[in-house]
Structure formats: C-alpha cells, structure tokens
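Put together the whole structure using the sequences plus the hints.
Chains as they are written, first to last, in our numbering: chain Z, 10 to 387; chain P, 10 to 387; chain W, 10 to 387; chain B, 10 to 387.
If you are wondering where the hints come from, they were derived from the structure by calculation, not from laboratory data. These figures come from a predicted structure and were not determined experimentally. Check each hint, because a few of them may be wrong.
One copy or two, it doesn't matter: identical chains are merged, so the pair holds either way.
[Said to hold, decoys possible] Using 30 Å as the maximum straight-line C-alpha spacing, the simulated DSSO-like pairs for lysine-lysine come out as follows:
| # | residue 1 | residue 2 |
| --- | --- | --- |
| 1 | K53 | K12 |
| 2 | K321 | K352 |
| 3 | K55 | K321 |
| 4 | K109 | K53 |
| 5 | K321 | K283 |
| 6 | K346 | K12 |
| 7 | K369 | K137 |
| 8 | K77 | K132 |
| 9 | K132 | K385 |
| 10 | K137 | K11 |
| 11 | K352 | K12 |
| 12 | K257 | K228 |
| 13 | K138 | K352 |
| 14 | K346 | K138 |
| 15 | K257 | K238 |
| 16 | K228 | K385 |
| 17 | K228 | K369 |
| 18 | K346 | K385 |
| 19 | K306 | K238 |
| 20 | K137 | K352 |
| 21 | K55 | K109 |
There are 4 protein chains.
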Amino acid sequence: MKKIKLGMIGGGKGAFIGDAHRRASRICNDFELVGGVFDSDYEKSKEFAASEGIAPDRCYPGVEAMVKGELARPEEDRMKAVAIVTPNYLHFPFASLLLKNGFHVMCEKPMTMTVEEAEELVKLVNQKKLTFALTHTYTGYPMVRQMREMIRSGMLGTIQRIDAQYYQGWVNSIIHGAGSRITGVWRFDPAMSGVSSCMGDIGVHAFNLIEYTTGLEIKEVLSDLNPIKDDFTMDLDGTVLLRFENPKLKGVIRSCQVATGEENNITLAVYGSKASLKWAQENPNYLYLLTDSEPVKVLKPAHGYNSEFAEKSHTMPCGHPEGIYEAVANIYRGMAKSIRGEKFFPGEFPTVHDGVRGMKFIHSVVNSNRDGNMWKKL
Amino acid sequence: MKKIKLGMIGGGKGAFIGDAHRRASRICNDFELVGGVFDSDYEKSKEFAASEGIAPDRCYPGVEAMVKGELARPEEDRMKAVAIVTPNYLHFPFASLLLKNGFHVMCEKPMTMTVEEAEELVKLVNQKKLTFALTHTYTGYPMVRQMREMIRSGMLGTIQRIDAQYYQGWVNSIIHGAGSRITGVWRFDPAMSGVSSCMGDIGVHAFNLIEYTTGLEIKEVLSDLNPIKDDFTMDLDGTVLLRFENPKLKGVIRSCQVATGEENNITLAVYGSKASLKWAQENPNYLYLLTDSEPVKVLKPAHGYNSEFAEKSHTMPCGHPEGIYEAVANIYRGMAKSIRGEKFFPGEFPTVHDGVRGMKFIHSVVNSNRDGNMWKKL
Amino acid sequence: MKKIKLGMIGGGKGAFIGDAHRRASRICNDFELVGGVFDSDYEKSKEFAASEGIAPDRCYPGVEAMVKGELARPEEDRMKAVAIVTPNYLHFPFASLLLKNGFHVMCEKPMTMTVEEAEELVKLVNQKKLTFALTHTYTGYPMVRQMREMIRSGMLGTIQRIDAQYYQGWVNSIIHGAGSRITGVWRFDPAMSGVSSCMGDIGVHAFNLIEYTTGLEIKEVLSDLNPIKDDFTMDLDGTVLLRFENPKLKGVIRSCQVATGEENNITLAVYGSKASLKWAQENPNYLYLLTDSEPVKVLKPAHGYNSEFAEKSHTMPCGHPEGIYEAVANIYRGMAKSIRGEKFFPGEFPTVHDGVRGMKFIHSVVNSNRDGNMWKKL
Amino acid sequence: MKKIKLGMIGGGKGAFIGDAHRRASRICNDFELVGGVFDSDYEKSKEFAASEGIAPDRCYPGVEAMVKGELARPEEDRMKAVAIVTPNYLHFPFASLLLKNGFHVMCEKPMTMTVEEAEELVKLVNQKKLTFALTHTYTGYPMVRQMREMIRSGMLGTIQRIDAQYYQGWVNSIIHGAGSRITGVWRFDPAMSGVSSCMGDIGVHAFNLIEYTTGLEIKEVLSDLNPIKDDFTMDLDGTVLLRFENPKLKGVIRSCQVATGEENNITLAVYGSKASLKWAQENPNYLYLLTDSEPVKVLKPAHGYNSEFAEKSHTMPCGHPEGIYEAVANIYRGMAKSIRGEKFFPGEFPTVHDGVRGMKFIHSVVNSNRDGNMWKKL
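As structure tokens, then:
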C-alpha cells in the first residue's frame, strides 16, 4: 500500500516528542516523512532535515511557506498530513492554517490554549471533512482499548466510582535547589503553555482516559490546585472532584508533577456494581478484573479472551512486551554501526561467535541427556 | 545519514519473526528494506513484496537469483545486508552463500544445525571481514545491557550461583487434545529444526543471556530432557546443570515449552559474594540489585545511575515503557485508516472533539480553584 | 514477667474483632484474659466464656456488674485493663465508666459517636492518669513505624503532597441484588454507628495514618461523599481534600466501601521535596523509598537500616512474613486435634512419615553429589 | 476447651525458633506451656523459665529429669506434648525418649540425623499410637493448603513439570570477609547438624512442599552441590534433578544459602497439561492459577472459591494479611508498657488524643459534604 506523505512542524534535534512521532509513524508503516519546519531556527531545521534524509527543498523556513510549497506540488507528491509537535500556543494557528488548506492534522495535546480555539478547530474539521488526530497516547495501548470495550459492554454493572492518577516527579529538580529553572522552561510560561501546567500537561490525559474508557461525560469539576512555590503562578499539583450525569457516581483525578521519584505513574480504576477494572501505565500489558466473589483476573494482550479492537492493537505473541521491537532495533542499530565502521559498544549485537557458542550448548545438552545425564564439555 | 539497503529471506505474509525484523529495522532507522525472497512460493512472495512497497524486480525467485541480481546492480544501489528469517536448516546454506558474495548478514537463532556449520560461518566472517549479527533479542533490552555492565564492573564480587529460566506454554495446546499437530510444525521436525526443540529454540537464549551478562564461559553441562509425549523425539522441557572455570560457581538453566499458562517467562539471577542482580523479561525495565544489608534497589531506564551503554539503548524518558511507541503508532494507524477512507474502530484515534473536551476540563479546573474550590460545569 | 489481667466487653462467638484482640493479646504475651461481658445475651456470653476457659464467676451479666465484681476482688487478682469491642455507640458509656473506676482501656475505633464525647474521655484519662489505647491497627505494622521514623527524621525534605486510600468492596454484596440487607447491619444504623459509614469505619484509618506517620495536623477538610443508593443515608464512598498548616502542602483521602473486588486496599504515599515514601497494607512488609535520581529502594523488616522502633516491632528474621506464626499455629492446631482424637484434614500437620521422606531426600542428594552426580533412589 | 499441657526442649533466650513455637501455640490457643528444659545451661534455663512465668519446679535440669518429673505428676496435670527445638543431633534421642514415655512430640526439621533414626521413630510412633508432628512450617499457609487441594482434585491434568526454589543469603556474611565464622555455628558442624547444610536445612522444605501439594513421591534424585569455600565440607548451594513414577514428569529443586540478598525466597510451580499453580512464600496469600487460554487468576484467602481446608486455615477477612495480628499485638504490647510504667516509643500505641482527632475528622467531613462541599476546620 502506498504510504501517506507526512510533514512535521517542530520536533527538531533533541525534541523527544517529535522523535516519538517519527518512530511511531515508521512502526505503523503507513506514513513517510517528506518535509516540514523542524525548528524555528531555519539553519538548525535544515541541518536536522538533512540528518533525517529529507529532501532539502522540503525543509521550509516557515509554516506558511510549507503550505504554499506543498500546494504547488502535484497532488500525488504532496504532503497529505502534518504532525504539529510545537509548544502549545502554536497548535491553534498552525492547525487552523493547515486545515484551511486541506491538510489532515496530527496534533499534540493540549489541543489549543482556549476552549474557543478548540471549538473553532471543530468547525474547521467539520467544514473541510479532514482527519484530525490528537495524541492522547495512552488510548493507543491494547489493554486500555480492552478496558474500553469491556466497560462499554456493560459488564461492570452500574459504575460507582472512578479514580484516576497521573503522578510525575520531574519538575522537582527544576524548582528546588540552587539552579531553580522556572524561567526558560516553556511549559512554565503561561503565554506559551496555557492556563495550567500540571492539569494542562498531564491531568488532561487522566481526564481523557476516563471519558475514553467509560464513554461517560464529566459534567462538573471541583478542584484544589497547588503551585508549590510562592513565585510560581501555575499549578504543579492538584486534585479534581468529578461529577457525572448519574449523581450516585463520583470520581477523582489526582495529578502531580512534583511527586518526587514518580516517573510516569498513570493509573485508572473504574469500579462498577458487578465488577471493576484497574490499569497502570508503567506495566501497560496488565489489566486487572476484580469481582466480589471470583479470583482477581489478569488480562494480557495476545489472548482470545480480548476484544477484536484490543487484539488488532498489538502484534507480538503473548509474553513479549511491545518494547521488544526496540530491543531488536537496538541490535539492528549495533549492526549498522559495524557495517558503517562506526565505534560500537562491546555487546551491542550478538556475533557469529555467539552463534557457535549456542550450537555447542544445544549439542552438548542433547548429548548429555542421550548418554544418561553425563557431564559434557562445550 | 544514508540508510543501509537491506534484503530479507523468509518473513512473508503472517510470519511474526519477519515482521519483527522489519519493524525493528524501521525503528532504528538505519536500514531500508529494498528486496528479498519472502516466501518459497514465488507468487506469494511477489504479492507480499508488493504489499510492502518493494520494487517488483527486487523480489527474487530464490536466494541465488537474489545474490546474482543484486551483484549486477551498481554498488551504491545494491543490498548491503540481508536478514535471514527462515526455518533453522536454511540458515547455514543461505548465510554462507551471502557471506561468500560479500553481504553482511543478520541471522535468526539458532545460527545453524550443527557446531561444524557454525564454525564454518566463523571462518567465512573472518575471511570476508563482514558483519554478522544474530538475533539474541533479549540482549537488546536496556536493563540487560545494564546488568552486563554492572556484572563486568566486578561489583557483585565473586559470582557464586547463576539461575536462568525460560518457560513458555504454547506447545501444550499443540500436543494435547484431539487435534494433536506435532507433524506439520517445522519446529518439531528435526530435519528442519535441528537436534532440539526446547533447548534449541529457547534454552539457548537463557544460555546466551548468562554468557552475555557475566562474560563467563560455560565449560560443561549435564542435562535432563523430557519429550513429554511417547511419540515425540525432541525435548519440550529440560534442566541443565552448568559448570564454569571456577569450580565453586554452579548454575542451572531451566527451560520448558509446555509450562501451561507461561507466556514468555525468561528470568536471570546472578548471585555474587557482594551483591546480586535479577531480571525478568515480562517486565524488562526493572533490574533488581540485592545485597545482604541494603534495601533492594530497583533500577530502571533513563536515569543517571545507569551505564552509558544502557542509556544509549533506549530513547524514552523514565516511566515510559518502550512499548509506548507502539501505542502512538496505533494512533497513527487509526489516522491513516481515516485518511484512506477505511473502516476504523470507534476510539482508534482521539479526535478534535476530544481536544475540545480536554480544553473544557483544563479551564474548568483552573476556574474552580481560582474561585475557592467551587463546582464548575464543563 | 507477670501478665496484666484483661477483661473484654463484646467480642463473643463469631465476632472477628474480638477474636483479633484476644489473639493479639496472646501473641504479645503481656495480657491474660480473665473475664468480661462477651455478649448482650448473658446465656450466650456464659457459653462463650466457658469455651475460652474463663472462670464462670468472671463472666458478668453487664458492665456495671463487672466493674463492681472486679473492684470487690483483691487488687492483685483484679482486671487491670478492659478491651471494648462493641458497636460504636457503646464505646463512650463503657469507656467512661471503666476509666472512672480506675481501669485502663483498649478501645475499638471510631472512639466515640461525637467530638464532645471524645473530649470527655480525654479529660477522664488525664484526670485518672490511666492508659487508654485505640486500635488504629495499621500503626502496629513495622514498616508503618519505619515510615514514621523516616518522615520525622526530615529525610523527605518539605512534604508537598499526601495521598491516602482505603478501598474495600464488601458492602457491594449487601446493598445490591435481591437480598439487600441495609437494615439489620449495625454499621449502617446511625444510632449505633454514628454519622458516617465509610469515613467513620475506614476513612478515619487513612486520616490517622497520615497524622501518625507525618506528625502533621490536618487543619481543614472539604469532602464529597456518596451514599450510592437512594434509600441510604450514610456515606459509602467519598473523597476528602486536605489542608495543613503549610498552604503549599495539599493532600487527599479517598475511601470507598463499594469498590467492587477491593479487599482491604489501604495505601499511603507521602511526597517530599527530597524523597517520597509509599506503603500498601496488602503487602505490609514493603516500604518504597523514591528519589529523583537514585534507584527505588525497597525496605523490609529485619534489617539494620531500619529504626530501632521498627525493628522492635517484629520478631521474625527477614523474608518471613509475620503471618508465618499463623502457619505454625495451624500445624499446632492440627496436632491438638490429633491428640484430642478429633477429626482433622489430611495434611493438617506433617507427620513422622514426612520426616522419613525428608531424611531420605537429604541423604540421597548428598550421595548423588558424592558419587559424581549419579541418580540415587530415595 | 481445656488446653493441652506443653513442654519444650531448647528454645531459651534469643532462640528464634523456640519463640516461634511458643507464639504459635498461644495463637492457636490449644496449648499451655507448663515446663521444659530451655537451655543446656541450667541457670540460664531457670532464668528464662521465670521470664516466661513457668513454675520453677517444672524447669528441669535435663530431659530425663523432665520425663521423670512429669510422670510423677497426676495425669491431668502432666505435660501431654513436648516441642523439641534443639540442634538436629538431639532430635532423635529426645524424641525417642519422649515417645517411649508416652508423650506426644512436636519436632523441628530435619527430623533426625539419619534415615535409620527416622525409621526408628516411625516404629515408636506406630507402637505407642502417639501424635508426632514435624514443623514443615510452609504447609501451614492457607494458600499452600489450597494448592494441595486443587492439585489433588486433578484440575491441573497430567503434571508435566515441577520447579521448587528455596533461596536465602544469610550465610554469605558468615563465610566472607574478615570475621569468617564457620566454626562456632552449629548448623555448619556435621556432628550437630547432619550430612548437609543447604539441603538439610532448607532444600528439604522445598522437597516437602512438592510431595505435600502434589501427593506424588519423588523416586530418584541427581544432585550437584557446592560448598562455595575450599575449607567448607557441607553444601551451601545445590540443584537437584527429580524423577517421579511417571517418566514423562521431571522436576528440579534449587536451593542456596549464599544467594546474596535473598531473604526467604521459597517458590513452588507445578505445571500440568491443563493448568498450573504458582506460589511464593514472601507473599504467601497469593496463589496463581495459569491456563493456556484464560486470564491468570489470583486466588487469596477468605473467599468462597477456596476449599474448606484452606478456609479453615485462616481467620482474617480478605485483604487482611495474617500478620495483622502481630500489628495489633504490637499495640497491646505498647499499652502493656504504659500500664507497667515502662518506657515506650512515641507512637507505640494510639491514644485518646488520636481518638479525638478521628472524631473531629469524621464530623468535619460529614459537615463539609452536607454544606455543599465547603472547607471545614477540624
């Protein structure tokens, strides 16, 4: 199948989110990165484009130039979709420009700075009949999708309580100690990031996971936010009480960016009158089904008991975490270094000598058993 | 950087190992699949090549034809490396043919059928000065590499005991019950698979992990293997006692393909006189450091305490399992379906409407807090 | 050392809390149960007293009779302390009567029905200089005590967030389905139980754990409670926002009695500017210490790194959960049944035949090794 | 019910096994410790007896004196059973003397020094029709008993593989470093301990668990043992291959006393053709049921799905580890110290002030909710 031509705005050298988008687009194998505006500094952008093998004439000095340049190309050669991986305040102007000019958009979250901008994008998408996707990453996990399918099947009974958590600790080392670096981090500048740090950056993922898995709309919130430091204006921590249409269902979102030592601890528990489901991102392949009277059941990918949607969302056999692809990729990377004559770490890929050792092992083992469990030299 | 042109032998439609190699090569982004022999049935091979966007003239009817065809091309356009993902008995003939003709080789394990074949490959690699890599996949995990670096630094003291396990259960459903399918599975045919099933297919990974992480050579083995069924000639289960140069170090490998319900349960524990390290594949980001007098320490990727080799072997920030790329890839896949007008699952990618919901959440939360923890409608 | 003579009010046949108090008093070996009022039905009380080996004349028809009877005894033979394990509304009248008459009191929580009653008890305790203990059970765990000592040492830095959870599911099966049994359960009758079910019964433990471990006072609360069912007046679920003296510290208590499938899931996480501590009751021997830059550390009992208080709070060597005493007790129980000629389960205690098997195993193993790893028959 | 009068041999001051026996006998409440020989040094024995409240005339200078003294008492006042908690070489002489004189015996494992002694005890037990129990402690855990019942019901199908482990690390600090203390530890003196250290002390527990849970007899063993140090004659580490009546079932026991950092890591996995069961001692309340096609099931105590034997083997409701009794006992202990005017740790028991705090919490929470989620002061 022909690949969809993809552009990118932002995501230049050192940008981890841009790298994640490129890797993901290569993994799914439906897209081909053909151009973009990778850095606000055009020279850096060109350098980065070259390192990625992008044709020089498709590394543009700005988004308007990119739109103009791509529209000038024959349709079959033109970018079809563009990924926006810039700081938040640029999402709306770039997304609306792209949509107006007929490009599909993959956008980082939070989608915009204001509700009004967000609603403006809805209008544009509807009017242009284009595809707009938002990277609420965690909805892509197989067992989150399985959770959604199970909840929507009604098997939990009436939902009675929802509890979501998103705890990180990385802001700690920025705000404490001698080299306090609040200024200079765009995420802490309301002009670039929006009205909220903790809730805007991570709490919104917890919010999204609740609505994604349960299909229920959160109707009202009551929040208690904490800037942690006197000289800080945005929230770095907070708890949000939730109300739904059913007044007998209550919920809570807890989110923190200064939970020292927490890495990316997202959890979701949905408690129903008949059963409950619990999931935690740091071990994303485990989904726990609890009932009052049965043993706890641990669901994992690659089993017939999962829904079609969950099963179509992974490719590995059971027991192989999806990260195993990155393990194999590391071996390919080592091999590439060797082929190119670059320096590589000892052990960066198994060699023909490891192959010999393996064959000696297999044959010695078989011979030891054949000869009545005798010691055999390798 | 220019990508290395890659060929593939085997790995056609439905072959999970071939798919894993292709994904891995795309993730590391150093290779470009340009041709191959994907199936012994040429028609199927061509069909598969087309689906992968391979130029028709580089889908060859056989390996000799491929070698000839590629050598006829100008060097800069020629395949540089070939991945062999066929059944075991074909590894040696294809690998030796490729090496003799100057191609680098990525080969599935076990490398060959016999020790003699393996040693023949060593000679060829040395003679031709080519790169030969073997997919002992688990050596690609960051924390396995960290384990290697820690052990080799000597921090465990004298190693006293080594215990490796590789338990799977998938053969169970093949050998038991009405539809016993021993025949027809190439892995159970010694002519295609070699002298061993359990030890050749999985035990050898445990063996490799021991030598990889410790740098110690296993000198002698004593094994006890079990074919489980009377009409079965290969081992499906076994225990192997290990001897090393130091007579005061002993070890054991336990391996089983009929451990009902086990998925891909590989574990490695290395016990030293000063400290010990434990790792388990199903949660590959956790490495446990044990001592007699300190709390157990849990090491994870993306921390300054890891070695350079381990840190260069992953790309995500802490708390993000590498499988998160596949989650994002799933979202890209959903977007691609939408762009192409294909049917997709509800929830296959977050849309602009999710973006509006998110913005309402963020603003309501901030307003609730600002107004003294009042309820706010979304 | 002479044992302290103990009385008990409540805790008759089938009362799990009373049984827990008796077992605990036997384990610590400082008390001897000599009498009490075990049931409001005197006949049942006497029957129960007999089964426990209590002298008939110390099984009293009521608490006033008990006080009178005991005071009539010579001081060295008299009850010194009384455990109150009745429904909540009886705690205050019995505790105040006992204190006024010079008895030390061990009381179940919640201590009283109202704040005023609670303060009245404080006055009495101060005036009489007696010991009054409340069974906030979880403060007795070694690693909770270790958590307290570590937090109070200041090693966490400034505390930034506190998150406590107490989730159970047992009320589910009572309130849902045909046999809804709200009436008849004393815990759901405000006249016997107090103003709250979920918060009064379990939320208060989470509250206590926070103040116990951190030494901080909770100054203000904002709560959102849920009765779950229309015909139910008490809370079965709720979230409580917490304020402390430091306005930059916030916290939350989440508590639920209808979290289907949860058993007794109490967790406490205290996040400081330098480090954090996490504990969960269902695996009470594990205390997790998190920092931004070091591996997660898992502290367990019976190690030199623990505080004196924690180490004095357990007796087993490391790796032996305290529940191992109950395992040995089960073996003693089996032996007692056998001695008494009662029916016992096969396997209820290991016999002399198991001893023979063990000796054969040990000797065969030693002989096999001595003879060069040969098979030896048992 | 009247308590059975119990004597004890060994288990004086500082002896952890003796303490465990006494606690267990108090927990089950069927026994009353009335006398014994607690130390080979009579003065120390008397001192210890006094501290335990044993009548001075029942603290005997030796076992023969004890037998004589007790036989001289009226039968209803006499010891019925005696617990032997001495070093191994004394088990046989004391057990045989006691049995010959009509006492029931609770004996520590390993039962004797030789197979012949063990068989002699069988004869005596049969002849005297007395109860003889051996503390294979782990058979007392509820979920081990549940494992036994499930396996014996046949639900695993044909058993195909058995894997047991018992890893400890405590011997490490004894044999390494400056203060090597091999001599002086009775467990390392074959004259007191027997032919084996690792297998005799802990491997035999793994052996026992296999036979206990499966009901299968181990027919033959092949072992590979390791003394670790040149100057050491006993095994501190070893692997044992197992043969059963069914030649298609194989198994392995792995045992080590120098597995640095391991505490008391006993695991048992039994793999059948239909299902498998896995258990680990350090979290003894979790039993894992694995099948090829269903989610992993986690069984825990206090559920209707367990067998009667398992359910009769614990007393707490679900989610309360049995060690919770020790937590309550710690609170009782703190109260006792206070009553006796001894020094206690701050926080050793919750006081009346904690009770006031709790009541303030409960009422403030209820009031906050009643008044529309307003902040309320405590």
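We went through each hint and held it up to the structure:
Taking the closest pair of Cα atoms, K53 and K12 come within 30 Å of each other both inside a single copy (27 Å) and across two copies (21 Å). Taking the closest pair of Cα atoms, K321 and K352 come within 30 Å of each other only across two copies (13 Å); inside a single copy the shortest separation is 39 Å, beyond that limit. Taking identical chains as interchangeable, the C-alpha atoms of K55 and K321 lie at most 30 Å apart only when they sit on different chains, with a minimum of 25 Å there against 38 Å within one chain. Taking the shortest alpha-carbon separations for K109 and K53, only the intra-copy value of 28 Å comes in at or below 30 Å, while the best inter-copy value is 43 Å.
With identical chains, the CA atoms of K321 and K283 are at most 30 Å apart both within one copy (27 Å) and between copies (27 Å). Proximity of K346 to K12 under the C-alpha cut-off of 30 Å is found in both arrangements, the shortest distances being 28 Å within a copy and 11 Å between copies. Proximity of K369 to K137 under the C-alpha cut-off of 30 Å is restricted to the inter-copy arrangement: shortest distance 23 Å between copies versus 64 Å within a copy. For the homomeric pair K77 and K132, the shortest alpha-carbon distance inside one copy (23 Å) is at most 30 Å, but the shortest distance between copies (57 Å) is not.
Within a single copy, K132 and K385 get their C-alpha atoms only as close as 74 Å, which misses the 30 Å cut-off; across copies the closest is 25 Å, which meets it. In this homomeric assembly, K137 and K11 come within 30 Å of each other (Cα to Cα) only inside a single copy, at 23 Å, whereas the closest approach across copies is 38 Å. In this assembly of identical chains, the alpha carbons of K352 and K12 lie at most 30 Å apart only when taken from different copies (17 Å versus 34 Å within one copy). Taking the shortest alpha-carbon separations for K257 and K228, both the intra-copy value of 13 Å and the inter-copy value of 28 Å come in at or below 30 Å.
Taking the shortest Cα distances, K138 and K352 sit within 30 Å of each other only across copies (16 Å), while inside one copy they are farther apart (50 Å). Proximity of K346 to K138 under the C-alpha cut-off of 30 Å is restricted to the inter-copy arrangement: shortest distance 14 Å between copies versus 45 Å within a copy. Only between protomers do K257 and K238 lie at most 30 Å apart by alpha-carbon distance; the minimum there is 7 Å, versus 36 Å within a single protomer. In this assembly of identical chains, the alpha carbons of K228 and K385 lie at most 30 Å apart only when taken from different copies (8 Å versus 71 Å within one copy).
Proximity of K228 to K369 under the C-alpha cut-off of 30 Å is restricted to the inter-copy arrangement: shortest distance 10 Å between copies versus 66 Å within a copy. For the identical chains of this complex, K346 and K385 are neighbours neither inside a copy (37 Å) nor across copies (53 Å), given an alpha-carbon limit of 30 Å. Only between protomers do K306 and K238 lie at most 30 Å apart by alpha-carbon distance; the minimum there is 28 Å, versus 43 Å within a single protomer. When the C-alpha separation of K137 and K352 is checked against a cutoff of 30 Å, the pair qualifies only between copies, where the shortest distance is 19 Å, while the shortest distance within a copy is 51 Å.
Taking the shortest alpha-carbon separations for K55 and K109, only the intra-copy value of 26 Å comes in at or below 30 Å, while the best inter-copy value is 41 Å.
Violation of the numbered hints given earlier is confined to hint 18; every other hint is satisfied by the structure.
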